[in-house]
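There are 4 protein chains.
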Amino acid sequence: MEHQPRAAWRDKLHEVIFEADTRAGQWFDIGLLVAILISVTVVCLETVEDLQSVYGVWFYYAEWTLTVLFTIEYALRLICVRRPLGYATSFYGIVDLLSFLPTYVSSIGFGRFGSFAVVRSFRLLRVFRVLKLINLTSESEDLAGAVWRARGKIIVFLAVVFITVTIAGAAMYEVERIHDPIETQFTSIPQSIYWAIVTMTTVGYGDIVPHTTLGKLLSALLILVGYSLIIVPTGFVSAEAVESRKKRKALTQTCPYCMAEGHLSDAVYCRLCGKPL
Amino acid sequence: MEHQPRAAWRDKLHEVIFEADTRAGQWFDIGLLVAILISVTVVCLETVEDLQSVYGVWFYYAEWTLTVLFTIEYALRLICVRRPLGYATSFYGIVDLLSFLPTYVSSIGFGRFGSFAVVRSFRLLRVFRVLKLINLTSESEDLAGAVWRARGKIIVFLAVVFITVTIAGAAMYEVERIHDPIETQFTSIPQSIYWAIVTMTTVGYGDIVPHTTLGKLLSALLILVGYSLIIVPTGFVSAEAVESRKKRKALTQTCPYCMAEGHLSDAVYCRLCGKPL
Amino acid sequence: MEHQPRAAWRDKLHEVIFEADTRAGQWFDIGLLVAILISVTVVCLETVEDLQSVYGVWFYYAEWTLTVLFTIEYALRLICVRRPLGYATSFYGIVDLLSFLPTYVSSIGFGRFGSFAVVRSFRLLRVFRVLKLINLTSESEDLAGAVWRARGKIIVFLAVVFITVTIAGAAMYEVERIHDPIETQFTSIPQSIYWAIVTMTTVGYGDIVPHTTLGKLLSALLILVGYSLIIVPTGFVSAEAVESRKKRKALTQTCPYCMAEGHLSDAVYCRLCGKPL
Amino acid sequence: MEHQPRAAWRDKLHEVIFEADTRAGQWFDIGLLVAILISVTVVCLETVEDLQSVYGVWFYYAEWTLTVLFTIEYALRLICVRRPLGYATSFYGIVDLLSFLPTYVSSIGFGRFGSFAVVRSFRLLRVFRVLKLINLTSESEDLAGAVWRARGKIIVFLAVVFITVTIAGAAMYEVERIHDPIETQFTSIPQSIYWAIVTMTTVGYGDIVPHTTLGKLLSALLILVGYSLIIVPTGFVSAEAVESRKKRKALTQTCPYCMAEGHLSDAVYCRLCGKPL
Chain A
8 MEHQPRAAWR
18 DKLHEVIFEA
28 DTRAGQWFDI
38 GLLVAILISV
48 TVVCLETVED
58 LQSVYGVWFY
68 YAEWTLTVLF
78 TIEYALRLIC
88 VRRPLGYATS
98 FYGIVDLLSF
108 LPTYVSSIGF
118 GRFGSFAVVR
128 SFRLLRVFRV
138 LKLINLTSES
148 EDLAGAVWRA
158 RGKIIVFLAV
168 VFITVTIAGA
178 AMYEVERIHD
188 PIETQFTSIP
198 QSIYWAIVTM
208 TTVGYGDIVP
218 HTTLGKLLSA
228 LLILVGYSLI
238 IVPTGFVSAE
248 AVESRKKRKA
258 LTQTCPYCMA
268 EGHLSDAVYC
278 RLCGKPL
Chain B
8 MEHQPRAAWR
18 DKLHEVIFEA
28 DTRAGQWFDI
38 GLLVAILISV
48 TVVCLETVED
58 LQSVYGVWFY
68 YAEWTLTVLF
78 TIEYALRLIC
88 VRRPLGYATS
98 FYGIVDLLSF
108 LPTYVSSIGF
118 GRFGSFAVVR
128 SFRLLRVFRV
138 LKLINLTSES
148 EDLAGAVWRA
158 RGKIIVFLAV
168 VFITVTIAGA
178 AMYEVERIHD
188 PIETQFTSIP
198 QSIYWAIVTM
208 TTVGYGDIVP
218 HTTLGKLLSA
228 LLILVGYSLI
238 IVPTGFVSAE
248 AVESRKKRKA
258 LTQTCPYCMA
268 EGHLSDAVYC
278 RLCGKPL
Chain C
8 MEHQPRAAWR
18 DKLHEVIFEA
28 DTRAGQWFDI
38 GLLVAILISV
48 TVVCLETVED
58 LQSVYGVWFY
68 YAEWTLTVLF
78 TIEYALRLIC
88 VRRPLGYATS
98 FYGIVDLLSF
108 LPTYVSSIGF
118 GRFGSFAVVR
128 SFRLLRVFRV
138 LKLINLTSES
148 EDLAGAVWRA
158 RGKIIVFLAV
168 VFITVTIAGA
178 AMYEVERIHD
188 PIETQFTSIP
198 QSIYWAIVTM
208 TTVGYGDIVP
218 HTTLGKLLSA
228 LLILVGYSLI
238 IVPTGFVSAE
248 AVESRKKRKA
258 LTQTCPYCMA
268 EGHLSDAVYC
278 RLCGKPL
Chain D
8 MEHQPRAAWR
18 DKLHEVIFEA
28 DTRAGQWFDI
38 GLLVAILISV
48 TVVCLETVED
58 LQSVYGVWFY
68 YAEWTLTVLF
78 TIEYALRLIC
88 VRRPLGYATS
98 FYGIVDLLSF
108 LPTYVSSIGF
118 GRFGSFAVVR
128 SFRLLRVFRV
138 LKLINLTSES
148 EDLAGAVWRA
158 RGKIIVFLAV
168 VFITVTIAGA
178 AMYEVERIHD
188 PIETQFTSIP
198 QSIYWAIVTM
208 TTVGYGDIVP
218 HTTLGKLLSA
228 LLILVGYSLI
238 IVPTGFVSAE
248 AVESRKKRKA
258 LTQTCPYCMA
268 EGHLSDAVYC
278 RLCGKPL
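Residue numbers (the numbering used here), protein chains in the order written: chain A, 8 to 284; chain B, 8 to 284; chain C, 8 to 284; chain D, 8 to 284.
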């Protein structure tokens with residue numbers, strides 16, 4: 008982080024664009040939020056034929072206006088940030104770039120306009136930036152932290168789910184094919200695994216259902232096993248959440264002698280210097 | 008809150024209508040609960056054609072009888088309350104007004120009777136008033152409090168869900184349209200987002216389902232991601248509930264000497280310093 | 008509980024039938040469990056036409072054999088219990104009676120045999136009796152206790168669900184009818200409420216689905232609201248479970264001077280006599 | 008565990024195959040993981056007709072190559088393990104055997120190749136072995152431990168579910184048959200029980216749905232009861248998880264003077280008696 012002398016306007020601009028402490032910075036964030044939501048709404052509504060045939064031209068103008076605005080914003084960010092390359096290659100830098108690039112690319116003839124809908128919808132990720140506006144940064148860090156600390160258990164859990172649905176899928180493929188090899192809906196093991204995932208997570212579309220008695224029995228078993236499995240990680244995330252609440256509360260008690268923080272709430276003596284709290 | 012001298016009968020009336028401490032107040036609440044339930048049942052059954060053609064006239068009489076009773080009740084509330092305007096503009100004041108107004112409005116010719124069914128069903132909200140009858144006020148405050156304290160995390164969570172379903176919806180729209188642009192069920196991105204919400208929350212109607220292999224793969228991925236996401240706020244509400252239980256218990260006993268909290272309710276001496284509580 | 012002198016064989020019989028402490032009592036319970044499971048299996052399989060046409064006569068014999076055994080068991084219970092009337096009018100007394108009565112009633116001509124299937128399936132409730140065999144009584148009391156302590160919150164929660172589905176049902180009825188009053192699947196408000204329950208609890212059969220854009224929007228909203236609502240009681244039951252675990256553990260610490268139990272695990276002094284633990 | 012003198016290469020081999028402490032052992036585990044995943048992918052893709060007709064011969068070669076490798080691996084395990092018979096009859100020994108045996112069996116003519124898909128998919132269970140590679144053994148033990156400690160409650164819960172679905176199934180069978188005995192989807196009680204399981208766990212395929220008013224009412228009731236039931240074990244697994252977190256933390260620090268548990272890991276003095284830890 009080299010500290011080169013910088014023009015005051017660049018510091019000011021940085022404050023407006025990257026922070027939400029000043030009035031101007033807050034208005035910038037609100038404007039950005041509105042622009043993102045409008046542009047994503049346009050991306051969505053463009054694909055509704057009835058609306059596209061009537062308001063298509065307005066959608067076109069809105070898309071280009073917002074694209075130009077996003078381009079200017081990206082340029083301003085590049086200018087005012089201390090390390091432009093670092094920003095450009097960061098997660099949000101790439102998301103910011105993807106918020107206007109697809110429109111230009113599609114306009115110079117690479118395929119039809121609509122085919123970039125997915126890439127264009129990525130701009131919605133920029134909403135996370137605006138969370139700092141309403142002081143939700145610590146909340147989202149709490150959520151992310153609980154998931155992160157429980158990651159080991161989530162991986163093990165997903166491995167168990169993965170193994171269960173594969174074996175259940177293979178079993179259902181065999182069982183349903185014996186009964187009626189022509190009209191079975193379990194046409195292949197990947198198809199059966201798709202069914203097993205849809206079933207075990209209790210989504211239950213009903214596009215693929217067992218038709219044989221043994222298939223229904225296996226299905227009921229998978230549902231019950233799956234249901235019992237799925238409550239386990241819930242419990243562990245709960246435990247992490249309980250823990251993180253306790254830790255934050257515990258951090259409030261501070262030793263008046265050595266200023267050590269993080270004493271348990273019922274502590275009588277400082278755990279570092281031994282003096283009474 | 009000005010204290011003007013008031014007639015004794017108005018105080019008495021207030022006690023009966025707004026409190027549930029006296030025998031009369033309890034009977035009033037029970038009567039009100041029964042009236043609300045009957046009137047909502049009538050609103051529902053009116054729309055069943057078989058019943059309407061046979062019992063329609065009874066439904067009509069019941070509706071008008073209850074409407075008149077609710078009107079009288081509203082007038083009495085206005086009379087006995089200290090600040091009628093404050094009551095009339097409060098949440099329950101408006102709900103009370105809406106419990107009889109639609110019937111009058113529809114009778115003087117504004118549209119057909121049935122079209123106010125939604126507004127008329129709002130009267131069910133008055134049931135919350137009667138919760139005080141069975142001492143459930145503190146319980147509902149606990150529930151509301153847990154949701155309220157977890158509101159930040161719920162907003163972040165809903166933002167994550169909102170962003171995920173939009174991107175997933177756009178992706179599925181593209182993927183399914185490539186395979187079969189005519190017969191795809193993912194006719195537009197809003198339609199795809201509706202599918203993504205139905206899928207990620209494990210409702211899974213099955214009215215819209217992926218038909219391509221890539222679509223099924225994406226779908227399975229969304230289900231697993233969605234399922235993992237959804238357990239997180241559950242954990243945090245659990246943590247809040249554990250906390251609120253502890254806090255309520257803690258409020259019963261604190262040592263006056265060492266300020267240690269969390270003594271059991273029958274404790275005579277502090278468990279940490281040994282001094283009497 | 009009058010203490011009349013009783014024959015030793017009646018005490019012995021009581022021990023075998025009602026307790027699971029002795030070897031004989033355990034064998035009796037295992038036999039009873041097997042008899043219940045066989046008899047309920049017969050009730051179920053009788054309704055499968057393919058099996059009934061082939062094994063019908065065996066089902067008939069099995070049903071009658073078990074009915075006679077259940078009758079004898081009921082008579083023995085009446086004989087060996089101290090207060091026969093108290094037993095006969097208790098919950099399990101009635102369940103025991105219902106385990107054989109329907110077979111006799113149907114045999115003397117009241118309707119066809121199958122129409123008592125529901126009543127006959129009640130005998131499955133007797134399985135709870137056998138839980139004492141595998142030391143699960145305290146476990147089931149824990150579960151029942153957690154539900155019981157959270158009953159207030161469950162009632163409030165069910166009231167909220169009830170009100171939400173009624174208002175959502177009325178709204179969907181109006182919305183979907185405007186679009187297509189003839190072919191709408193939301194034919195009446197009760198039907199819409201059924202849809203709202205199926206949707207909000209994430210069952211999502213898909214037999215009734217919204218067809219209008221506004222209907223789908225409302226539906227997505229109900230799903231998200233419903234989903235957020237439903238996590239709340241989970242959290243409170245978790246809190247109750249955490250609490251009940253803690254209480255049981257806390258009960259282990261006992262004051263060596265006054266024998267008072269239930270001290271918190273980090274207690275230094277007895278909370279009742281003030282002496283060190 | 009007799010300690011006979013063993014050749015150094017067998018100890019070395021044992022270290023590579025059974026442990027993940029050495030570099031060689033880690034590479035072996037990674038190779039094994041890749042081989043398992045490829046072989047299971049082949050088992051799945053073989054059943055997709057379009058792929059089988061084009062790449063069938065490659066699938067055949069891949070299957071035989073991996074089968075030979077698994078055979079060699081099994082032989083090496085038998086050689087380097089101290090008690091070959093103990094290994095061969097252990098859970099993983101059987102899983103290892105089943106990972107190559109079906110291919111040989113099917114090649115010497117017992118039925119068509121595909122019919123061993125289920126048995127062949129069992130080799131996926133070997134993935135659990137590789138969890139030690141990424142230090143997830145303690146995580147999976149935590150998960151298994153929480154389920155194990157809550158086993159009593161899970162059994163009671165499954166008993167309640169089992170009894171509820173049977174009674175609900177019998178009731179729906181009767182109710183729906185009265186209305187339309189010919190076209191009812193509830194053709195038998197086992198079929199109705201399958202419906203009840205699918206409904207109560209909120210899977211909700213929609214292949215079987217109630218068509219009568221009473222059936223829909225019963226269905227809504229079952230959904231609400233079922234939903235309320237299902238949150239209970241979640242709470243208890245949460246409690247177990249909270250407990251197991253606490254226990255592990257408690258194990259790090261206990262005061263040697265006053266035996267107070269739960270000191271923070273950086274504590275130098277006991278927070279209750281002030282003496283050094």
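A couple of the hints might just be wrong.
To be verified - Listed next, with one range per pair, are the computed distances between beta-carbon atoms: (1) Glu22(A) / Val232(B): 57 to 67 Å; (2) Thr48(C) / Gln192(D): 20 to 30 Å; (3) Ser60(A) / Gln192(B): 16 to 26 Å; (4) Val41(D) / Arg158(A): 19 to 29 Å; (5) Ala15(D) / Arg158(A): 49 to 59 Å; (6) Gln59(D) / Val232(B): 43 to 53 Å; (7) Tyr111(D) / Gln192(B): 22 to 32 Å; (8) Gly152(D) / Ser97(C): 35 to 45 Å; (9) Gln192(B) / Val64(C): 27 to 37 Å; (10) Glu148(D) / Ala14(A): 52 to 62 Å; (11) Thr72(A) / Asp57(D): 31 to 41 Å.
What the hints assert, rightly or not - Just some of the chain D residues that point at chain C, by a computed CB distance under 8 Å: (12) Phe66; (13) Gly211; (14) Val232; (15) Ser235.
Bear in mind the hints are in silico, worked out from the structure with no lab data behind them. Where a beta carbon is used, it is the ideal one built from N, C-alpha and C, also for glycine.
Exercise for the section: Report the numbers of all earlier hints that the structure fails to satisfy, in ascending order. Expected result: When the structure is compared with the hints, numbers 1, 5, 6, 7, 9, 11, 12, 14 turn out to be violated.
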